[in-house]
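There are 4 protein chains.
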Amino acid sequence: MVREIPADRRQAILDAALDLFSEHTYGGTAMPLIAERAGVAAGTIYRYFPSKEDLANAVYRDCKLAMQAALSEHARSGAIRDQFRGLWRGLWAFSQANPAAFRFLETHHHTPYLDRASRAVGDVVSHTVADFVRRGQRGRAIRPGDPLVLIALAFGAFVGLVKDAADRHVVIDDKTLRASEDAVWAMLEG
Amino acid sequence: MVREIPADRRQAILDAALDLFSEHTYGGTAMPLIAERAGVAAGTIYRYFPSKEDLANAVYRDCKLAMQAALSEHARSGAIRDQFRGLWRGLWAFSQANPAAFRFLETHHHTPYLDRASRAVGDVVSHTVADFVRRGQRGRAIRPGDPLVLIALAFGAFVGLVKDAADRHVVIDDKTLRASEDAVWAMLEG
Amino acid sequence: MVREIPADRRQAILDAALDLFSEHTYGGTAMPLIAERAGVAAGTIYRYFPSKEDLANAVYRDCKLAMQAALSEHARSGAIRDQFRGLWRGLWAFSQANPAAFRFLETHHHTPYLDRASRAVGDVVSHTVADFVRRGQRGRAIRPGDPLVLIALAFGAFVGLVKDAADRHVVIDDKTLRASEDAVWAMLEG
Amino acid sequence: MVREIPADRRQAILDAALDLFSEHTYGGTAMPLIAERAGVAAGTIYRYFPSKEDLANAVYRDCKLAMQAALSEHARSGAIRDQFRGLWRGLWAFSQANPAAFRFLETHHHTPYLDRASRAVGDVVSHTVADFVRRGQRGRAIRPGDPLVLIALAFGAFVGLVKDAADRHVVIDDKTLRASEDAVWAMLEG
DNA sequence: AATGAATGAGGATTCATTCAT
DNA sequence: CATGAATGAATCCTCATTCAT
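Residue numbers (my numbering), protein chains in the order written: chain L, 1 to 190; chain A, 1 to 190; chain F, 1 to 190; chain Z, 1 to 190.
Simulated from the structure, these hints should not be mistaken for lab results.
Among the hints, erroneous ones may be present.
[To be verified] Keeping only pairs whose Cα atoms sit at most 30 Å apart, straight-line, the calculated DSSO-like set for lysine-lysine is: (1) L:175 - L:64; (2) F:64 - F:163; (3) A:175 - A:64; (4) Z:52 - F:175; (5) Z:175 - Z:64; (6) L:175 - A:175; (7) A:52 - A:175; (8) F:175 - F:163; (9) L:52 - L:175; (10) F:175 - Z:163; (11) A:52 - A:64; (12) A:175 - A:163; (13) A:163 - L:64; (14) L:163 - L:52; (15) F:163 - Z:52; (16) L:163 - A:52; (17) Z:163 - L:52; (18) Z:52 - Z:64; (19) L:163 - A:64; (20) L:163 - L:175; (21) Z:175 - Z:163; (22) A:175 - L:52; (23) Z:163 - F:52; (24) F:163 - F:52; (25) L:52 - L:64; (26) A:163 - L:52; (27) A:163 - L:163; (28) Z:163 - F:64; (29) F:163 - Z:175; (30) Z:52 - Z:175; (31) F:64 - F:175; (32) A:175 - L:163; (33) A:163 - A:52; (34) Z:64 - Z:163; (35) Z:175 - F:52; (36) Z:175 - F:175.
My request is simple: use the sequences and hints to build the entire structure.
This is the structure in structure tokens:
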């Protein structure tokens, strides 16, 4: 009785699109390929998404929101240093659980299709994390400066870490992960 | 004897391709558009590059080598901290002088077309900078750990800084640039 | 026993199809749109009509028959001039009451779908009116010549009148209508 | 040296489109079919016309202008009756020389694609012929009334004549043509 | 009987590449 | 050598029709 099939189909299409976009680029993946990977007919995609562009935006927003959820989930209370550990681990967990999503979000150029709503979702994530920086700065635990800039530096370092490992086909062990966390914290520490 | 006209043409094509790729993506820019922007006929591109893929690889390699040149040019001798300042300024100079190149290299997904030779060029740059880290580690000026990982973190932070400024349509003033340099150095410092 | 519901549905579909065909052309209107306008599901249309082509033929035949009925209804006995007035008024009444039907019948090209049966219905109407001409010719009230040609001229004039008013977004007042009737009668008069 | 090939190609495309539109309707003819009939590749059409819609408008305008040219060519000076004969013969010559054009113009529904410019061309033709009526009315040779209405009646009669002959697969002989001309003149005569 | 989601062939259009000039 | 019109495969998308519910 419950109409869950449409939700499943929609998700299957989103998943297929993410996989293919993250590997072959938005401009490099054909709609019929997405359909095939999702196990539906080409025309079916258009029952769920008005166009390829809209599909890409939906993929982008879903990924961004999943990343935000992962950050929130691992967020801790307590000392600022512990809060940072929570964010770092959250990001790590997300990038391991959803490698395609992380790659798509952080190593692709989205401007050709990104719409206003999607951009807004992206901004929300940055500003959420920026609040963490502001709290740390208030307690003199994080160095002064524009919180959005500090976030950009720290988040950029994380992306660099993950991207480099992928480029070199290397897995990041727990020791490296923790050493990196310490190094990035040293960058933020006041 | 004068054979520089072809070189000019070749460069015009590379410049046009870079401009368009960096804004509209490899998959999103049409060869005739590149030709038009370069001021040549569509067929002429094929005198210089066998295919769109080859053209993209040439663009990629040229950008990577230009970035490496910028890093070398600003490299200093002397104290490790000063050497880092040289690298940081070199990177900054490059990203300001060639914004399209920097954006193309660091915010696009290249796997659909990147060939072995181009990947090798990319690796050379990382390893060059990694040598700087190794020297610093030998003198206990830079924290221990895999040099390639530390480079990934530091370079990632720089990319994050520049990308964030572009996303927010903000210009990075000299104060922010130096504060960021200090923060990233704190991340590397032993 | 009550089997009128299907008839209503069938009529709703025919009405919707006529509206859309007359405005957007047979080839330019999608079946789902007809369904939506008729207030039924897309699949339901196929309970009543085997295909889009059959639906279009049904629409065509219904319109032709409605036009014939309108002509008959206003047909008079008496002087040939009065009979003509009846036909003219009947045509006018029909084109005013069913503008979509008149437009569809007289300003569209039907050959891509029209089947033998529909063509036959069309012929019947011409021949019915041709009888009127023959009667007039027998009494020397209408000029000699092929009755079908005279009908084509007179009917064509009427179509021209109505089409021109539609094209120019003008309404035909009673004076113009009667003047036109007189003019067309002058064309037929023997 | 003279680049006439493009003109030929453009004309071949226009000719093919007219042939197919007039027989199968705008909405019923596929672009690849037009290309095939024109002897060019599908993509080539788009070097000459931005879209199917633009192609249809070009076809429409060319036909309308050709019809106007045919009317002008046969226009005579002298008595109003002779002028009418000229118009009638011009129309006839056009409909015989370009049956597809005449059919396309006068038995198809153009609103789905017709643009402002094309509509303007259509209006020019009507108004040109209306001037003839005005001249006749000034000399009391043509009955009073809105010239555009009289034109609509007369032109409609001609269209009716030609359409009926086509529907019945009958050829109009010279005697019928002249008798029809006389009849239509009787409709206009003051 | 009715529904409307799903299908996939077919439509309009684009674009990397070729080749006659 | 350079050109740019021509190509036609491949793209995104539509829509007549079917069929499980």
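For each hint, the structure was consulted:
1. L:175 - L:64: Holds, because 28 Å separates the two Cα atoms, which is no more than 30 Å.
2. F:64 - F:163: holds, 17 Å
3. A:175 - A:64: holds, 27 Å
4. Z:52 - F:175: Given pair residue 52 (chain Z), residue 175 (chain F) is violated - Cα atoms ~43 Å apart, limit 30 Å.
5. Z:175 - Z:64: holds, 27 Å
6. L:175 - A:175: violated, 35 Å
7. A:52 - A:175: violated, 42 Å
8. F:175 - F:163: Status holds; Cα separation ~18 Å.
9. L:52 - L:175: Between residue 52 (chain L) and residue 175 (chain L) the Cα gap is close to 42 Å, so the pair fails against 30 Å, i.e. violated.
10. F:175 - Z:163: holds, 29 Å
11. A:52 - A:64: Measuring from Cα to Cα gives roughly 18 Å; hence the hint holds.
12. A:175 - A:163: Status holds; Cα separation ~18 Å.
13. A:163 - L:64: holds, 17 Å
14. L:163 - L:52: holds, 27 Å
15. F:163 - Z:52: holds, 26 Å
16. L:163 - A:52: Given that 30 Å is the threshold and the Cα spacing comes to 26 Å, the pair holds.
17. Z:163 - L:52: violated, 47 Å
18. Z:52 - Z:64: holds, 18 Å
19. L:163 - A:64: Status holds; Cα separation ~17 Å.
20. L:163 - L:175: holds, 18 Å
21. Z:175 - Z:163: Cα-Cα ~18 Å, so holds.
22. A:175 - L:52: violated, 43 Å
23. Z:163 - F:52: With Cα atoms ~26 Å apart, residue 163 (chain Z) and residue 52 (chain F) stay inside 30 Å; holds.
24. F:163 - F:52: Measuring from Cα to Cα gives roughly 27 Å; hence the hint holds.
25. L:52 - L:64: The given pair, whose Cα atoms are some 18 Å apart, holds under the 30 Å limit.
26. A:163 - L:52: Roughly 26 Å separates the two Cα atoms, so the pair holds.
27. A:163 - L:163: holds, 15 Å
28. Z:163 - F:64: holds, 17 Å
29. F:163 - Z:175: holds, 29 Å
30. Z:52 - Z:175: violated, 42 Å
31. F:64 - F:175: Given that 30 Å is the threshold and the Cα spacing comes to 28 Å, the pair holds.
32. A:175 - L:163: holds, 29 Å
33. A:163 - A:52: The hint holds at about 27 Å.
34. Z:64 - Z:163: holds, 17 Å
35. Z:175 - F:52: violated, 43 Å
36. Z:175 - F:175: Given pair residue 175 (chain Z), residue 175 (chain F) is violated - Cα atoms ~34 Å apart, limit 30 Å.
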